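Undergrad: The lines below spell out each chain.
Protein chains: 2
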Amino acid sequence: MAEFNVNKAFLEDIRSAIDARQSSSIKDIFGELHPSDIAETLYRLSKDEAIFVFSCLDEEQAAETLTFLDEEIRPRFMQLFTPTEIAERVIDNLDSDDAADIISALPEEQQKEVLSKITDFEQAKDIADLLGYDEDSAGGLMAKELVKVHLENTLIQCVREIRKQAEELDDLYAIYVVDDRDILVGLLPLKRLLLAPTTANLQGIIDTNVVSVTATATREDAAAIMEKYDLVVLPVVDELGRLMGRITIDDVVDVIKEEAERDYQLASGISEDVEADDKVWVLSRARLPWLLIGLVGGIAGSRIIGAHESTLQIHPEMAFFIPLIAAMGGNVGVQSSAIIVQSLANKSIQSNGIWQRLLKELGVGLISALVCALLLLGYALFFADSLSISLTVSIALFTVIIFASIMGTLIPLLLDKINIDPALATGPFITTGNDLTGMFIYFSIGRLLYGLF
Amino acid sequence: MAEFNVNKAFLEDIRSAIDARQSSSIKDIFGELHPSDIAETLYRLSKDEAIFVFSCLDEEQAAETLTFLDEEIRPRFMQLFTPTEIAERVIDNLDSDDAADIISALPEEQQKEVLSKITDFEQAKDIADLLGYDEDSAGGLMAKELVKVHLENTLIQCVREIRKQAEELDDLYAIYVVDDRDILVGLLPLKRLLLAPTTANLQGIIDTNVVSVTATATREDAAAIMEKYDLVVLPVVDELGRLMGRITIDDVVDVIKEEAERDYQLASGISEDVEADDKVWVLSRARLPWLLIGLVGGIAGSRIIGAHESTLQIHPEMAFFIPLIAAMGGNVGVQSSAIIVQSLANKSIQSNGIWQRLLKELGVGLISALVCALLLLGYALFFADSLSISLTVSIALFTVIIFASIMGTLIPLLLDKINIDPALATGPFITTGNDLTGMFIYFSIGRLLYGLF
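Just so you know, the sequences run in chain order A and B.
So for the first sequence, this note's numbering puts the first residue at 125; every next one is plus one.
So for the second sequence, this note's numbering puts the first residue at 125; every next one is plus one.
Remember, identical chains collapse to one label, so a pair may be satisfied in a single copy or spanning two.
DSS-like cross-link-like pairs, simulated, lysine-lysine; straight-line CA separation at most 27 Å:
no., residue 1, residue 2
1, Lys381, Lys541
2, Lys352, Lys171
3, Lys484, Lys132
4, Lys171, Lys403
5, Lys236, Lys249
6, Lys315, Lys249
7, Lys381, Lys352
8, Lys352, Lys151
9, Lys132, Lys151
10, Lys484, Lys541
11, Lys288, Lys272
12, Lys352, Lys132
13, Lys352, Lys403
14, Lys315, Lys272
15, Lys171, Lys151
16, Lys241, Lys288
17, Lys249, Lys272
18, Lys381, Lys484
FYI, nobody ran anything at the bench for these hints, they're computed from the structure.
None of the values given here were measured: they were computed from a predicted structure.
The shape of chain A in the complex, shown without the other chains:
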């Protein structure tokens, strides 16, 4: 099976089945599809069409499709169920982590009702435990389903135990070994389970060097550990080292991606984690603070230029190059800081390397500054009549680029030292700061040079 893509012909088939209200043929069409593909199809249909299709789905498919739908759209389909139906038809078909996600998105009073309708008490307890963890913690990412065996078991007992426990699982990636206090002591790789003779001693074949994360660690920590050690599944333990659950890589992929995207959003001047589908007001609220910083910076800039009003009256050509100087300072600053921010995010900068970094950035700044300043000098000498303005803009451009390189390197490093997210630096802060210093440098050099010539 190749990847499925929703195309026009497929949508037309679906729509004609919807129009004819043929539930059974819809059930057949979707019977073969992965829940992720069903969710994608629902997005392409109108609200009423999507609800009709959803109501035709087989129970397990419907439950899993819900986990692939955006949290904003999910309520449309959830409201088709009573609390008892949510417990019996949705929750019962899901792993504990997905079940907890679905329940935590419900209104407070409904959460308790749904939990109380779950007939399997063990399952209800697992979900209630998971609901207790902070959404941003490793515990908030984990699932309770796992296979564990006791250290004192023989291999034959293990296999029997694993068979019993595996029935509850979607798939099996690792078998955890605990002692009699439920403390995680090792891992039994599936490969060894298959290869070991049935008479083997469990203690002899387990891997005791097992990496774990505590449930209260952040989800970013859990993601970093899995990424660093190339893990597919990571056991979660409590402060005592007792096995609480496990995180699988597919949940962490989302965390890793969100983290990389957050840096990009911060750098673009968007302060909350928003998506294009969010409401106009949410989008505006995430963006206005940065615009206001820019506004205040712009007003401050107008005061700096205003202080040179007399120069401007005599030499209005000074004004021509204001946007150039401001923009170049901003561009260089953003470039310098973006590289530092990414290196910090990937932990590839060691704290003792600051001076080395700065020196290298100065090198890049010098090359850029020389190339740009000489090109601008050439242009100005050729097209403008005045030597003063030509020299002023090119010397100012050179100085601004060097200065912006240094600031773009130092500010994110300093922010990181005092535990502020350095991605903030690449946003409007650096652009605005460099605009201001750019204006100051430009007019100071202008005043100096116009005095000389």
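Could you slot chain B onto chain A? The hints should help.
TA: Just chain B now, with coordinates in the frame of chain A:
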């Protein structure tokens, strides 16, 4: 075992062992560590220290550590080995995908020599096959090691076959089922293998609905499929559907991350995939093109302002707000386009939603424009004496923000339509374009209003 972190005390221990040339105690210290942690430690040591530590490592550990080192640093350690040693001590200890990566980084003539020294011909063939794939294709990501069984086998034959094949593997995630032409027909989940009675028929328990990717697809396609279907391992097939290898999620995590980071770099005006550790010249080359775009834009801006020289001579206060208008247009444009770029990357915008997106962005633009323009009007009326300049700057700001919102939305959508990476739009292109239109709008409104009052 918690996550390991290189700290000062640990480095001191290592350094004193290095100074005393105690190879055996170094071997002991590193014996417990994950290759990823060893690589991290090597980065913190001087070149000579690192080489000494590396030479003390146990053979398998040394080989795996090499796979965690940056490609720029790896040659330092590779040159400790002769081609025969690379074949026998490095390649023989690695999976085919890592082995192919190590070999492909060697100089051309050395590659053949190393390949010819590999004693296991099957292994040499696998690696030679992998070297044939483009680095950016799904084939370039895959490993040859996998467990496959034939459809006609009985379950007992399967188990015997799996035991034999699993010895070659680091760990086992899936068992693939092929027909007599080696065409992938299904997947045997480990869970079912454990739960099925030994008398079961293989055809009855396999999952025939198996997602695969062709070896010539791009690595981004492979990553997208694994992400969409939450897969841990993805089988790779050739054009005929024959099973060629498999990709594991840890290799794909890097692809997903690189992709997210590339958008950020493009948006920050860095054209190649560079890292902070790259040479000064490489960093400059990646950044200069964007600066030159900014420079040309700035010069064009100077012409626009120059056309209003007479206005500036009479009203020098017009110049005060040039950086404000330019910066705000740039900021809003970058914000608008960043949200669109991310939505496009996550495929959450449907092609028929362009008008809806534009309408929403206009809403956000209107709110931002109103808030910022009114604040600026208040400031200007209070601090500047002239009604004309106050009205000019606030009306110009309002217009520029609306315009930048529209451009910031449309340009990435249009670039995407014509198959150009829309992340380009959030970079200096949008900032420069908005600077120019901002100046044009500002001075046009200024001329109009000064004429009226």
